[in-house]
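**Q** Reassemble the complex: the two chains are provided individually, in unrelated frames, and hints are given to aid placement.
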Amino acid sequence: MNSNIVLAVVVSAISFGTPLVLAGLGELLAERSGVLNLGVEGMMLMGAVCAFCASQKLHWSSALVLPLAVLASLVAGAAMALIHAFLTITIRVNQIVSGLALTIFAGIIGLSSYLGQVWNIGGVAGLHQFNQVNLFGLKNLPILGPLIFNQDAFVYASWVLVVLVLYYLYRTRLGLHLRAVGENPAAADAMGINVTAYRYAHTVIGGALAGLGGAYFTLALAPIWTDGLTAGDGWIAIALVIFAFWRPDLLVLGAYLFGIFSALGPTLQTHHITALPSEFYSALPFLMTVIALAAASTSWANRRIGTPASLGTPYSREEG
Amino acid sequence: MTLPVRVERRLDAPKWLKVVVPVASLVLAAIIAGILLLATGHNPLSTYHQMYSAAITADGALSATLVYATPLLFTGLCAAFAFRMRTWNIGGEGQLYMGAVGASATGLVLGDWPRPLLIIAMVLGGASAGMLWAAIPALLRAYLRTNEILTSLMLNYVAGFFMYYLIYDSDSYWRDLSTPSALVFPTGKTLGPHANWPGVAIGSFTLPMGFILGTGLAVGLLLLIRSTRYGFEMRLMGDSPQAARYSGIRTKRKILSVMAISGAIAGVAGSSQIGDFGHVLDPRGLQQAQYGYTGIVVAALALYNPLAVVLVSLFIGGLTNAGFALEGPSFPTGLVGTMEGIILFTVLGGEILARYRVSWRRDPVVAAAAPATGVAS
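As given, the protein sequences belong to chains A and B, one line each in that order. So the first sequence is numbered by numbering that gives the first Met the number 0: it starts at 0 and just counts up by one. So the second sequence is numbered by numbering that gives the first Met the number 0: it starts at 0 and just counts up by one.
Isolated chain B, as found in the complex (with noise of 0.2 Å):
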């Protein structure tokens, strides 16, 4: 069973490494997608092709991208800060829901308000909908230490349910009653002219609000990880939460500030799928697109840093861009989160062989030291 490999700690990872090891890990993942590619009947450099030309250089193609890339930089961001303490919130998903339910609130209920005023407002407002929503799943790994990866998981479902039966199944203040169609055929209210956040133009593509407010924030947590009590203290306590218990910080708040700061985070990113894109609370949609745990591979490929967070949000973008532009019989529909995977296989594993070093294993302590109970079957 055991394979003739060892795996050794690096003392000293030279520095090519650091380059060759992420393009090569990328390479890697290309060739073994490319090779499922062939054995399912389709051509990978035409498929590749094909993805490149939705992703980057078709009409309108980095428009789209962009679109995509702006939820997944706050989903992102969200999984990476959180992730960096090695709390593990799994819950951007409905963080992100309950943000789109709390700024189409937001912005249905001020929507009189001046322009600017009614963009701040939903921005809170979807930010303090994932806080609490993110509270949940904090207070009890705080308080009760319940493992938070699979509470926060398990209420992405509950948010998800609720988002249907806002719109589905109640005739709730987010649903539109006021024509015969809608209420056969249910929908959002279309929020009003003033809740629209402007893009700005650039060339022939647009930036979305969003996507600027997901940057800034972006060099904000780097900063305060990198360059505050506050990160010192959080770094310390993802890599020996021993040491920071012993060196007296108080983990309990530590969890629940980080936790409600990535539940808001997410939060923003619904926030921005009502003001950016949709301009409607729409269960469907936010739910077939998974930007919540697509952000989780975002944030593991950035290993946690939040401008890499920027960079792999365009990235990842694109290949969600492409998979939606070709879906159709000739374009397999699991290739993204297959990449994904891939990817996220080949990146991980590569950033370890980096660090460590494998050799042949040579020396016989393991078949010496087996004794006669014959185990190893």
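Just chain A, same shape as in the assembly (with noise of 0.2 Å):
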């Protein structure tokens, strides 16, 4: 394998790792307030298909549009989030069975496949698209210029919000607030930390930013759409916040790791190196994830690192 292609595997490694950022930030922030939603590939979903039927069917300048389709897809993450937090925080419904339901309600065969149908905007190529930017006029830079200078937006908007994300849980008062609901609700809540509250709060942006995820297909990845395109990302997202220990850096490096994964495949594709059936590496990001867990949850990484202690029990105040 010659440098060209190692350098082509990663800077395309950064495509298809940002979704996985993106839906793995929200999914973090969702469980450190004790929450734990399985529905992250139908909130991605949802995301990918309301922000292409913005960019089909608004006739504006891509300017105007594609602000408007991110729009759309965090709206419908909430909205999809919204669905799960209801059930889980204030009914108190099972978190892994309600998260469950949500992929299959928004999911492959659900809502997302029946809007794409409805709108009418399955098949057909996209008219807006976020393209790469120049930044700096720094792409031709050997090595650092396709990987840090030409990028599109999305990917740099990831980066900014891998660093709010850190500053928030750490650096402030609302990020301290949030790891104590996650740890010990009783705890927070008798410090007059209002529980219900950073749990939806923290469950809805955790669904917008997985519809943020989606939309990164549509807008930008490969603008079209058919049903279930998102293919699996939304639980290796999930994943991966196990393996990241609930951190938000080692969540960016795990995406990225998963995004070389992903891009084997396809990279030795287009030049031509065809050793080890397709079908291997298709499977490869999930034969991975099974292994990276198995190697997460081995004694040396089972000291527990992160684990929020509340994650996926309800809390009320009468029954602790």
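To be clear, the hints were calculated from the coordinates, so they are not data collected in a lab. Where is the CB? At the ideal position from N, CA and C, for every residue including glycine. A hint or two may mislead.
To be verified - Example chain A residues on the side facing chain B (calculated, C-beta under 8 Å, incomplete):
# : residue
1 : Ile-95
2 : Ala-100
3 : Leu-110
4 : Ser-111
5 : Trp-234
6 : Leu-286
**A** Here it is in structure tokens:
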């Protein structure tokens, strides 16, 4: 394998990793508040279909349409998460079952497919797209140019978001409260923190970010809508949160690592290297997720770094 | 942010609630889905009527509904059995694929065996393949405490690609290589006549052998859960893992055996797909059907009760049948999944509301307790 191919793999790994960064950050925020949302795949698909619809139906300039399309994806993801929040936080339905229900409701055979057909946007090329920006005019720098200075706005936005979430979690009072809610809601409640409000807010923001991650597919990666186009990324994003030990910095690294696994097959194919069957490369991210999850649960890693202690359990004052 | 309602546990649940709540949940789901249909330019009443007819009253509709209900019965039992112990086997989909791979291999290799023996061999072939596939997340869960939700789910994708590889991208034993056209348009080898499972014709419709087998299995599982020591330990582990550990239950073994049984059941769904219906390994068809995931819907709606799974599989099977039968430009493709989701939401929510009482928040505790930090933004 020569260095050109390595660079091509890494550059496209950033593309493949970006939806994982966005959706993973969203899930991380929700889980930090103690709410496990397994509906990421469905929320991403809703974000993708709503963003694509907006970009196809609004006939203005790209500068106006694209932000509105992004907004549509945020709202769609947040709306889906709100269902989960209401069921799990207020009514206290089991979080696992509610999340699975959300995936079925919004997912490949659900509402996202329904809307795609009703809006009649399937299988046609997008009219608007986020293109690579030649940041500071440096895209021709060797190696760093294509890696850092020639990405699209989504990638840069995801980097900003990672920094913001890091700052929020570890440097602000709200972030401290959030971690308290996730670790020990009863104690947080006694401190006067509104547990319900924190859980609602972060679940909904998490959904908005998942929607944004979905929009990356239809607005940047390959502007077209097909049913189930996220192809399991939502699930990988949930797994990423676990083996990033609920830390945003590790999450980014993990997302790009998995970007590499996803990028390997297509890149090798364009360079006509076909030593292994294509199905192997398609299965690779999923196989690696199983291995990474197993590794993250071995004894050295299993000092339970980071797992919010109240994850998955509803909170009620009467029942503790 | 906080809603002005409070939810408290009911001390005594009136009997009428147990009937009224599920019915009201279904009605509410129909209303919500109806609003969605209206909003997108469809007439809900005529759509529901079309679906009813396609699932039940049209010519051959009941037989078709049973075709969809049969795999859902197995995958529903697969999920219900594991979920009862709060072991979240989401891998029914992949275990079904592997079961189909195993059963078609058995059916092809032993094709000249007498029919009854061959059918038993196919059931066992599918069951063991599904069991082995479920063993991966089970071993990881039991010995490393790896989250089985995610590992079992990831393996669904892996099994799907494996199945594609066997038929579309290799000269495997499963692939038909006998004719020139089969080399261009890959298909699986068709199984011999002995491998066709017999159905029971009742009046105008046919009851597939798989459905009878599944119903028997449901009764067996119910007895296992309700009346054996094994089932008692399962329920204890589901309700209180700590109590189970302190009382000396071997939790690792329990997880392994429950996952193995669950995987085997999904594997038999694969056997039945080959023996009852397809008679050929068809990766695309199996993947489009999504029986494994829909089985989770069935299990959740049945509240993990194996006998209820039989009834719910007929209901969801009818819904799925209607979805495929009406597929076309005038019928929205995603409607079936959307409706399943809405029904799940209302039934799950309703089930909790039957156990809890909702009242308007009267006490001013929350407002009074909130300090001046101003967090509720």
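**Q** Does each hint fit the structure? Answer for all of them.
**A** Each hint tested on the structure:
1. Satisfaction of the interface hint for Ile-95/A is found here, the shortest Cβ-Cβ separation to chain B being roughly 6 Å, below the 8 Å cut-off.
2. At its closest, the beta carbon of Ala-100/A sits 4 Å from a beta carbon of chain B; the interface hint therefore holds under the 8 Å criterion.
3. Interface restraint check for Leu-110/A: the shortest CB-CB distance to chain B comes to about 5 Å, inside 8 Å, so the restraint holds.
4. A least Cβ separation of about 7 Å between Ser-111/A and chain B falls short of the 8 Å threshold, and the interface hint therefore holds.
5. Using the Cβ-Cβ criterion of 8 Å, the hint placing Trp-234/A at the interface with chain B is satisfied: the shortest such distance is roughly 6 Å.
6. Evaluation of the Leu-286/A hint against chain B yields a held restraint, the C-beta minimum of about 6 Å falling below 8 Å.
Going down the numbered hints, you'll see the structure goes against none, and every one checks out.
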